[in-house]
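Trainee: With the hints as a guide, bring the two chains together.
Chains as they are written, first to last, in the working numbering: chain A, 1 to 111; chain B, 1 to 115.
Hints in this document: simulated from the structure, not taken from any laboratory.
Do not take every clue at face value.
[Said to hold, decoys possible] Below, a list of computed lysine-lysine pairs in the BS3-like style, where the Cα atoms sit at most 30 Å apart:
(1) Lys106(A) with Lys57(A)
(2) Lys57(A) with Lys36(A)
(3) Lys103(A) with Lys14(B)
(4) Lys57(A) with Lys70(A)
(5) Lys44(B) with Lys56(A)
(6) Lys110(A) with Lys57(B)
(7) Lys70(A) with Lys14(B)
(8) Lys36(A) with Lys9(B)
(9) Lys36(A) with Lys44(B)
(10) Lys9(B) with Lys70(A)
(11) Lys70(A) with Lys59(A)
(12) Lys9(B) with Lys106(A)
(13) Lys51(A) with Lys44(B)
(14) Lys51(A) with Lys110(A)
(15) Lys51(A) with Lys36(A)
(16) Lys36(A) with Lys103(A)
(17) Lys9(B) with Lys103(A)
(18) Lys36(A) with Lys70(A)
(19) Lys57(B) with Lys36(A)
(20) Lys44(B) with Lys57(A)
(21) Lys56(A) with Lys106(A)
(22) Lys57(B) with Lys51(A)
(23) Lys9(B) with Lys59(A)
(24) Lys103(A) with Lys57(B)
(25) Lys14(B) with Lys57(A)
(26) Lys57(B) with Lys14(B)
[To be verified] A few chain B positions that, by computed beta-carbon distances, are all more than 12 Å from chain A:
(27) Lys14
(28) Leu43
(29) Val88
C-beta: ideal position from N, C-alpha, C; glycine also.
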Amino acid sequence: GQQVMQIPQYQHVQEGEDFTTYCNSSTTLSNIQWYKQRPGGHPVFLIQLVKSGEVKKQKRLTFQFGEAKKNSSLHITATQTTDVGTYFCAGDGGSQGNLIFGKGTKLSVKP
Amino acid sequence: NAGVTQTPKFRILKIGQSMTLQCAQDMNHNYMYWYRQDPGMGLKLIYYSVGAGITDKGEVPNGYNVSRSTTEDFPLRLELAAPSQTSVYFCASSFITIPPYNEQFFGPGTRLTVL
Chain A
1 GQQVMQIPQY
11 QHVQEGEDFT
21 TYCNSSTTLS
31 NIQWYKQRPG
41 GHPVFLIQLV
51 KSGEVKKQKR
61 LTFQFGEAKK
71 NSSLHITATQ
81 TTDVGTYFCA
91 GDGGSQGNLI
101 FGKGTKLSVK
111 P
Chain B
1 NAGVTQTPKF
11 RILKIGQSMT
21 LQCAQDMNHN
31 YMYWYRQDPG
41 MGLKLIYYSV
51 GAGITDKGEV
61 PNGYNVSRST
71 TEDFPLRLEL
81 AAPSQTSVYF
91 CASSFITIPP
101 YNEQFFGPGT
111 RLTVL
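In isolation and in its complexed conformation, chain B is listed as follows (with noise of 0.2 Å):
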């Protein structure tokens, strides 16, 4: 199993320019998550989902939007980028099916500068 991937592994982007994060799973789970990781700064949860077809926002949504039509994928898009969404962006997931226990598998991250 690959695990968590995610693509690009660094991206520079310009004031206003869109992108989009790529993030795959290939061990069944049903729940993904993107955070972002600031320098200093522990994680914190732009949006989740708990299966396909079904997202919903965490702490710092604004700015990003997710999608989720396949339990292996969950793009994460940013419109409109800005300097404070410089960041590191961690996806995760994790397989509940006896609450509450559930491991998240990370990952490993995309950097990605706005300039």
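Isolated chain A (complex conformation) (with noise of 0.2 Å):
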């Protein structure tokens, strides 16, 4: 079955640091969704990427969704200790409004 796969699945940066986690869909996607969920919180709506090769930022958060439409990417800048939690990718499951959620990538940042 379909697939969405994320690396990696966990990353441990200085405060300051940049951060990148990394989405794989088996199958071309239509849309992409990123999420993060704060350590004991639920997952709370971040973006949604659309179009091929689509950028957006949200201050110093960039989302990237691959020309093939298979593949995103998450970068923090500078990242800060309210950085701190799980980033998940999810690509729509087939069925209309179903999303595949990847596993995750826990960030953790030393001050």
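Mentor: Structure representation (structure tokens):
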């Protein structure tokens, strides 16, 4: 079945360093979403990318959708302790409205 | 708006017991979902609903049942609880009007332990 792979599984950075997580799908996606889950919390929607090659920015966060619409990345510039959490990508699951989630990248930031 | 609410927050069950996890949303969303999240894993879809009276299986439906009698409520029923059902359960909803835009709003989760 369709899979969404995400790497790395864990990332430990010093505050101020950059961070990137990558997402790859076994099939072409119509869109990809990114969510953040704080420790002990629930996933919160960050952004959705729809167009091939799309790049979107939210302050220090940059999201990219690959040209072939099979991969995506989230880059955080100059991490802060508030960035701690697990970042999930999610691709459309074939049925309208369904998402296939990656396993997430858990980010820890050392002050 | 309260958004998506879930009860209970925590529950411990004995093997073979049954329970219902409650989920409600007040955003008039048409789609609702149930996910489970095991430690270190992503979210796996258990069941989903595209509207009142319509439900369908997700990736891991075995051992669970759902119903959707109203737009607001989407309870998840566990019959004959097993240790493999120990997990955190999240309910989510979305309002799909112009595909493919389908941001999902998640509830706070129910942490279930089966002993």
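Trainee: Indicate, hint by hint, whether the structure satisfies it.
Mentor: Hints, verified against the model:
no.	hint	verdict
1	Lys106(A) with Lys57(A)	21 Å, holds
2	Lys57(A) with Lys36(A)	15 Å, holds
3	Lys103(A) with Lys14(B)	29 Å, holds
4	Lys57(A) with Lys70(A)	20 Å, holds
5	Lys44(B) with Lys56(A)	27 Å, holds
6	Lys110(A) with Lys57(B)	41 Å, violated
7	Lys70(A) with Lys14(B)	43 Å, violated
8	Lys36(A) with Lys9(B)	20 Å, holds
9	Lys36(A) with Lys44(B)	16 Å, holds
10	Lys9(B) with Lys70(A)	36 Å, violated
11	Lys70(A) with Lys59(A)	25 Å, holds
12	Lys9(B) with Lys106(A)	23 Å, holds
13	Lys51(A) with Lys44(B)	26 Å, holds
14	Lys51(A) with Lys110(A)	35 Å, violated
15	Lys51(A) with Lys36(A)	21 Å, holds
16	Lys36(A) with Lys103(A)	12 Å, holds
17	Lys9(B) with Lys103(A)	23 Å, holds
18	Lys36(A) with Lys70(A)	20 Å, holds
19	Lys57(B) with Lys36(A)	25 Å, holds
20	Lys44(B) with Lys57(A)	28 Å, holds
21	Lys56(A) with Lys106(A)	22 Å, holds
22	Lys57(B) with Lys51(A)	29 Å, holds
23	Lys9(B) with Lys59(A)	33 Å, violated
24	Lys103(A) with Lys57(B)	21 Å, holds
25	Lys14(B) with Lys57(A)	47 Å, violated
26	Lys57(B) with Lys14(B)	25 Å, holds
27	Lys14	25 Å, holds
28	Leu43	4 Å, violated
29	Val88	9 Å, violated
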